[in-house]
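Peer 1: Given next are the chains, with one letter for each unit.
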Amino acid sequence: MTFTIANTLADVLAALAAGARPIAGGTDLVVGARQGKDSLPETLIAIDRVGELRTIEAADDHTRIGSGVTHSMLVSDPLIVEQFTAIADAAALVGSPATRNVGTIGGNVMNGSPAMDTGAPLVVLGAEAELSTTAGSRRVSLDELWVSPGRTSAQTDELCTALVLPNPPDGAGSAYVRLEYRRAMEIAVVGAAAAVTLDGDVITAVRIALTAVAPTILELADLSGLSGRAVDESFFAAVASAASEQAAPISDLRASDRYRRHTIGVMARRATEAAVRRAQGEVIDVPVNRALGVGAAS
Amino acid sequence: MTNTIELTVNGVPYPVSIATDRNLSGVLRNEIGLTGTKEGCDDCECGACMVLLDGQPINACSYLAVQAQGREITTVEGLASGEDMHPLQRNILATGGVQCGFCTPGMLMSAHALLERSPDPTLEEIKIGLSGNLCRCTGYARILDAVEATAVEINS
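As given, the protein sequences belong to chains X and P, one line each in that order. Residues in the first sequence are numbered consecutively from 1, following my numbering. Residues in the second sequence are numbered consecutively from 299, following my numbering.
Please keep in mind that the hints were generated in silico from the structure rather than gathered at the bench. Keep in mind it's a predicted model, so treat the numbers as computed, not measured. One or more hints might be untrue.
[Stated by the list, open to error] What the simulated footprint calls covered on chain X by chain P, stretch by stretch (three residues with Cβ under 8 Å from a Cβ of chain P suffice, anywhere in the stretch; the number is not a length):
| no. | stretch |
| --- | --- |
| 1 | 20-33 |
| 2 | 179-186 |
| 3 | 203-210 |
[To be verified] Heads up, incomplete: computed chain P residues facing chain X, CB under 10 Å, no partners named:
| no. | residue |
| --- | --- |
| 4 | S315 |
| 5 | T318 |
| 6 | D341 |
| 7 | Q354 |
| 8 | N357 |
| 9 | Y361 |
| 10 | L362 |
| 11 | Q367 |
| 12 | S408 |
| 13 | T420 |
| 14 | E422 |
| 15 | K425 |
| 16 | G427 |
| 17 | A447 |
Backbone N, C-alpha and C fix where the C-beta goes; we use that ideal spot for every residue, glycine too.
Taking the hints into account, I'd like the entire structure generated from these sequences.
Peer 2: Now the structure itself:
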């Protein structure tokens, strides 16, 4: 078993082409190996010191979050908190400070868990994953990337180098809400992210995605009927029923399928309510779970 | 494969020869002989193994020791200055925040990192700072008291 620390992206991509597997914070890879799920790969290349992967860059029409950006960096970045708030809501809930210090957004996305916290926010904010090899880069939608629990469509020599998001229009707001049994070291029982755009009191765009109710992060389909409507009780009720109807949850030790199907409607509604309030200009602190007392009691 | 590397712990360089899959907490305890860092759950849940890597708390049970080369590792043994306890250590004894003591090194490291970053934290910030550390004896209140008392001491 060999281990190398990379200093440049070129070094990482060359190592992957030669069969190495990447390790960033190791919060999934090493924990999984110690639990006996999968042994560590034979050849590891550490990517956590590659500066090119650890930046958040804003351009005129899009923002590029390097895959090596940690959850702690996301929560403390003003651009993410102000413009891509749902991602900050999610990053603030991941694990504990120790997890957030080394765990990365790229690792969260490529681990492919249907319970990943940053996944639903990335979907509703329109993110694409940038996958790179020594030959070049391509962008794929997250829907195309996530195949099944723990599996992505990326090739073994491809590294997720960034998540690329369109900059939100004026009047936009987003939020991520998670049902949890405790306040730290928790995995979503279910979760929901919402991104809405308002023109006055009228919804002009809405996207909602769900965590831990399907084999991959699930974006709600057929929401176009909700655009053009006023923000009122019937809008939020429609969101809740769409979420409960479209969810395809399983029963496991964390919750039954029936409980998940019910609570996902509640979480989708709460996320949408918070996203609307933010779109109206209200500042709700990150994470919404703590600011609004959602989730486990203190 | 054995990696011959150097780990810098509490400012002291230690040469070690270790396999790639060794965790940092095990190497700190067995090769380097610093047993203040505890192994609790060995699964990133309890925080007994908390050490600082370049000043940030990490779970040493689930961090590869080889990945810590070139970084500053701080363990609970690095807190005191000679015979003088760190204010956090003194205050956690004074408030009664230590019972069995197994969580104490990890609690101290999380609290230390918090106060370095945020010397005047709110109670909520202290709770978040310690949220990756479990204690099954104290009920936490006296541990929180110790961190608050230390913040007051630092700021006076």
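Peer 1: Broken hints, numbered, in rising order?
Peer 2: 3, 4, 13, 17
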